[in-house]
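Residues per chain, in single letters:
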Amino acid sequence: MSKDGSASFFTTKVDALFDWGRKNSLWPLPYGTSCCGIEMMSTLCSDYDMSRFGAEVVRFSPRQSDLLIVAGIITTKMAPVLKTVYDQMSDPKYVMCAGACASSGGIFNVYSVLQGIDTMIPVDIYLPGCPPAPEGFLHGLLQLQEKIARGETHSHRKLAEHKRGSSLASS
Amino acid sequence: MDVRTLIPTNGGEAIKKFGEGWRKQLATLQAKFSGDLGNVLFPGEAATDFPIVYVSLAKVIELLSFLKTEPGFEYDFLADLTATDEEQAPRFEVVYNLFSTVHKNRIRVKVKVSEGEEVPTAVSVWPGANWAEREVYDMFGVKFLGHPDLRRILMDYRFEGHPLRKDFPLRGYQIFTEPQVIDPKLLD
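Same order as they appear, the protein sequences are chains A and B. Numbering (the numbering used here) for the first sequence: 267 to 437. Numbering (the numbering used here) for the second sequence: 54 to 241.
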């Protein structure tokens, strides 16, 4: 109750509340394979300090993290490992694809390099650059947070499809 | 600049330092392996920075162990073992780069291999040749006779073809999404 006697309350959907919580406490799994990984480490350290945006709890186990940061070149021999790591993460999970190599293969248009990780796993946010600067990582993180708040990530889509499927089944 | 003139190496002009010794060594080799020794390229006469000795397939291990152990030679360190695809009659050349930690000089041994021929393994001379030969097998498909563990080392076991062959397409992608199964039976 307010001082003037009117009811003051705040309504929201439970989903939106959860998304708000998730977007402000992303736990990244660093998958740094080359120079983008160095920029990512710099972003996580005190100079740029990703913890200002709630994403400082770096977990090296896919079971405990919800943001997969793929920073660097993914070779064809590394590809199944990345797929396994992604599959082991529990929903909801988000993927940030940092730099030219992870996004498209970059300059390595050869037999040994995966031509973009999006050929294998869904990607929520792409960072341009070779490598992207720490500011780029922070910008990407903020963009991803907005995307989670809007409910437009691949995990949201998957959940929506799942709900639609179960409601069809029950009706 | 004419590449047939002296090529300076890291340690200055190696031929000034080692030229005489190399001549003597090559004469010894000629005397011992006369029939099995092919072309000999000498720095200053060919575009190379240290001598290249071609040898027949049958005598390659004998020559390598001779170079390793013989007093006055003592090329005891296998700096690199690799191959080239020449796109002509004997298709491949397997290259042994040797370094002597005693005399601080180098020599290069080459052996011509046609497709399907097997090179005797150098693991008995240098155990470190194991992975290098696996890499040559992986990249060029040259097999090594008597190798203890000849399987792919860089590419996936399910990969087909040998990517550093000249006829392999540059973009011959083969993407595997499932982790590879390490099954000794696959590793022929």
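To be clear, the hints were calculated from the coordinates, so they are not data collected in a lab. A virtual CB, placed ideally from N, CA and C, is assigned to each residue, including glycine. Treat each hint with caution, since some may be false.
[As the list claims (entries may be wrong)] A short list of chain A residues far from chain B (calculated; beta carbon distances all over 12 Å):
#1 W293
#2 D313
#3 G371
#4 N375
#5 V376
#6 A399
[Said to hold, decoys possible] With a straight-line cut-off of 25 Å between C-alpha atoms, the simulated BS3-like cross-links for lysine-lysine are:
#7 K157(B) x K121(B)
#8 K279(A) x K429(A)
#9 K157(B) x K343(A)
#10 K413(A) x K349(A)
#11 K343(A) x K196(B)
#12 K424(A) x K349(A)
Outcome of the hint check:
With a closest Cβ-Cβ approach of about 24 Å to chain B, W293(A) is found to remain outside the 12 Å limit, as its non-interface label requires. Listed as a non-interface residue, D313(A) keeps its Cβ farther than 12 Å from every Cβ of chain B; the least gap is roughly 36 Å. Non-interface call for G371(A) relative to chain B: violated, since the shortest CB-CB distance, roughly 9 Å, does not exceed 12 Å. Not every beta carbon of chain B lies more than 12 Å from that of N375(A), the smallest distance being close to 6 Å; the non-interface claim is violated.
A beta-carbon of chain B comes within 12 Å of the beta-carbon of V376(A); the shortest separation is about 6 Å. Separation of A399(A) from chain B is adequate, the least Cβ-Cβ distance of about 30 Å exceeding the 12 Å criterion. With a CA separation close to 13 Å, the supplied pair K157(B) and K121(B) stays within the 25 Å bound. In summary, the hint linking K279(A) to K429(A) is supported, as the alpha carbons are separated by about 16 Å, within the 25 Å threshold.
Using a Cα cut-off of 25 Å, the hinted pair K157(B) and K343(A) is violated, with the two alpha carbons roughly 38 Å apart. A C-alpha spacing of about 23 Å is found between K413(A) and K349(A), which places the hinted pair at or below 25 Å, so the restraint holds. Distance restraint check for K343(A) and K196(B): the Cα-Cα separation of roughly 22 Å lies within the 25 Å cut-off, and the hinted pair is therefore satisfied. Between K424(A) and K349(A) the alpha-carbon distance is near 17 Å, which keeps this suggested pair within the 25 Å criterion.
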